[in-house]
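K.L.:
Next come the chains, spelled out residue by residue.
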Amino acid sequence: MSEEQLVRKIKDGTVLDHVEQGRALQVLEALSIDGKDGNIVTVAMNVPSKKIGKKDIIKIGNRFLKSEETNRIALISSRATVNLIRNYQVIEKRKIETPNTFVDVFKCPNPTCISNSNEPIRPIIDVLRKSPPLLRCRYCSRLLSPNEVI
Amino acid sequence: MTNPFFNRDIISIKDFSRPELKYLFSIADKVDSLDYERKKELGRGKILGLLFFEPSTRTRLSFEAAMLSIGGNVLGFAHPSMSSVEKGENLADTIRTIESYVDAIVLRHPMEGASRFATEVIAKPVINAGSGTEEHPTQAMIDLYTIMKVKGRIDGLNIAIFGDLKYGRTVYSLIYGLSKYRPRIFLVSPPQLKVKREALFGIDDKIKVSEHKDITEIIEELDVIYVTRIQKERFPDPHEYEKVKGSYIIDSELLKSGKDECIVMHPLPKVGEIAPEVDNMPNAKYFLQVYLGKVLRSGILISVLNPDPYSLIDS
Ligand SMILES: [Zn+2]
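Just so you know, the sequences run in chain order A and D. Under my numbering, the first sequence has 55 at position 55, and the numbering climbs by one with no breaks. Under my numbering, the second sequence has 67 at position 67, and the numbering climbs by one with no breaks.
Just so you know, these hints were derived from the structure itself, not from any lab. Since this is a predicted model, take the numbers as computed values, not measurements. Not one of these hints is a red herring.
Looking from chain D toward chain A, a few residues come up when the C-beta cut is under 7 Å (computed): (1) 90; (2) 91; (3) 92; (4) 111; (5) 112; (6) 113; (7) 114; (8) 116; (9) 117; (10) 132; (11) 198; (12) 201.
Glycine included, C-beta positions come from ideal geometry on N, C-alpha and C.
Here chain A stands alone, though its shape is the one from the complex (with noise of 0.2 Å):
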């Protein structure tokens, strides 16, 4: 079965192919994509790609992904690309790029920090080094690699 028939195409929308294989769930909590909007969404786990073995994709109808939002993805699925489609027709394709912060996307995994509270409060984690990536919470400055904090 090829991806065509697995996937239906959009009209308009984001498709994030290339997602990190199991990924596509957590992708759509960092993009905070609940479905509440009413627009179409479609996630397609385990599909054979000739690229990366096996992948994600995930396709958003009628929403317009900017890359501040993108990159909120980058320590999730750094290989995934991002095609921005209107009428059927791909009019923007990019890359993710792994930002300077992270706000609101992870949580600090340090429970006595301020962050894990409940304070009005919302996490914020600072890229120190891109490759390989190093983070540190704003606020108790742990430092983290990305597998403590997916």
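Chain A is already provided as a structure; the job is to place chain D with the ligand on it using the hints.
P.N.:
Only chain D with the ligand this time, still in chain A's reference frame:
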């Protein structure tokens, strides 16, 4: 230099440069040289909020003494049971409320990063008096100031930090503070209480640091021994604690094998890690550290609360 401390939050020693610390030390020297009446003028009409969501009598009294000595006033609480926190009020609401009453807030809180968060909630300056196990910036400034006062420099000194380097609240701030200068640092601790790797992140390429188990190996080289308390609760096995405790004590015999002018410092309270006979030796500087702590905190308060402390002092 224009006053780099005016209206500024004091959250981490990392946020301050060497020239800024030099400025602060010179303000502290000036304040210390004034007579009682002149000093009382410097903070007149100012109110400092002391919010201790976790008790720390020593730090609180030092800030209080510092503020009173410059003629200012203090208000606040020494323990969360004395505040609305017991009723379930969050930190953000508590400090927003107190902000209306004071010119600056000193905050001690059990959660890490609480002071940084406080700076986002209120506009008035926040001074971190310890949040979680991470940072205690004013203690580090005091430690640096004490070394400067006694030794006249920090560059080129051989400084040992001794005891519990893993959980000691003052250790991290002190290491960061020292990294602004060019000392040689010896970290001496039992293997269980070695400094966390991340404490050295970004500074181990700036200054020379080495780790040791036994202080007698390096005692002859040392100019400063900074002692921290080894806490019993860090050891699951009480025998292990007793064993470690016995071999991490500074006594007169050890000091006699080192340089005559090697000084001993301690953030206090101490509970046996320094033998009592050391208190009377000229090497002991921890009570001087307490005095200079008050002086330096006066300097911090004046500089945070006034745009031009020099003209205030010289007027
Ligand atoms: Zn944190």
